[in-house]
Structures are given as structure tokens and as C-alpha cells.
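Participant: Sequence:
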Amino acid sequence: MDTSNERELWQQFQAGNEQAFSTIYSTYFSTLYQYGYHIVQDEELIKDCIQTLFIEIWRSRRNLATDVPIKFYLLKAMRRHVYRAVRRQAPFISVAALDETNPVKQSVSHEFELIVQETNQQRQAQLQQAINQLTNRQREAITLLYTNELSYAEIAEIMTLKTRSVYNLVHEALEKLRRQLNPSHFTWLVPVLCCLLDHVRSSLETGP
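full-length UniProt numbering applies: residue 1 is where the sequence shown begins, and numbers increase by one.
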């Protein structure tokens, strides 16, 4: 969705247009669900959080900022709702994001999903195993970067980190993947990871 259409959709929603509200819901439900599931592996809790989030923004729509990136706004709000729900229900649920050693089995980006689809079953298993070895915060950072296409600054705001810390998380994640993948099996992938690493290293040297 381009910026002008997104702005118009948001303005229609704030004016009380139910169709615009429904469009926002259907467009971003999957994104919010996948992101929420990364934090806590509880499908019903995630769905409840999404419902609560949309009820909240509908009720307060007239008081919301008039010019916001919808996906960024919803992801940030979703994180707040999930952690609020976690605090209410702990210790009855398993919170993946609070345990850096607990792997969450999920693909972390569109690029990686395409790679998995194009490889044979053995390579799929090896690649997914490597991805699962990342810490949850590393996976969260590269998910927001590659899947949701947010900027480092936006990711930092969502994760309540400094921008440089996000660069470090992404760098560590890519470096770990490069080390864990067998170059003889992934000769086409390792150069891609190296290229991404070079880009992140350059950003670390010149960034904030």
C-alpha cells in the first residue's frame, strides 16, 4: 500500500468509516498475529490481543495522530498489548521473548521463506535449525527488518532499544547464521549473508 492510499485509508477510518476499519484489520491481521506469536506461543492470547487492540483504536480513533505509518503504529501497539496480557496471566503462559534460550520455530523473513521453499527437504531442515538457534530478540529484530520492512530506527522504538543495539542484533544474527550453515550445502546462500553482513558492518561504522 503506497503512502497516499495509506494516509487516505487512515483518515477514512478516523472519520468512522467501517469499511476502512475492516480493510485495516484484514490487511494487518496476519502481520500482527505472526509478530505476536513470536513473543508468546499462545494462539488465543494473540487473537485476544489483536481484538482488544482494534477495539481500542476504534474507540479512540478521533484522538489518534492523523498521519501515521499504519503498520508501524499497529506493531508497536501490538507489542504493548501482548506484554500487558503476559503480565496479567503470568505464570500461566510461556513467554518466548523473556527466555533468550527458548527457540521459537518460525521463519523470520520473506527472503528466508523463499530460500526454504526452493531447497530440498534436508536443506530446509538445516536452514530452519540454524534460524531456530537465534535468540528471540535476534529473530524479532530481523523479522521486523526483513519481513515487515521497518527501518532500524522504527525497530529500535518498537523494541525499546537504541538504534545501534538493533544494528548489533541484526549483525549477530546474520553472523551466527553464516557460521552455522554448511558452505558446501549452501554455496548460493553464504555469499548473500556475507553481503548483508557487510552492509550492517558499514552501518555500524557510520551509524549512531
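Rather than coming from a laboratory, the hints here were simulated on the basis of the structure. Since this is a predicted model, take the numbers as computed values, not measurements. A virtual CB, placed ideally from N, CA and C, is assigned to each residue, including glycine. Possibly wrong hints are sitting among the right ones.
Okay, the calculated beta carbon distance ranges per label pair [said to hold, decoys possible]: (1) 133 x 59: 19 to 29 Å; (2) 126 x 62: 26 to 36 Å; (3) 4 x 64: 17 to 27 Å; (4) 7 x 180: 14 to 24 Å.
Below, in silico cross-link-like pairs of lysine to aspartate or glutamate (DMTMM-like), each with a Cα-Cα straight-line distance of 20 Å or less [claimed, not checked]: (5) 71 x 56; (6) 71 x 149; (7) 76 x 56; (8) 71 x 48.
Participant: If any of the earlier hints don't hold here, list their numbers in rising order.
Facilitator: 1, 2 and 4
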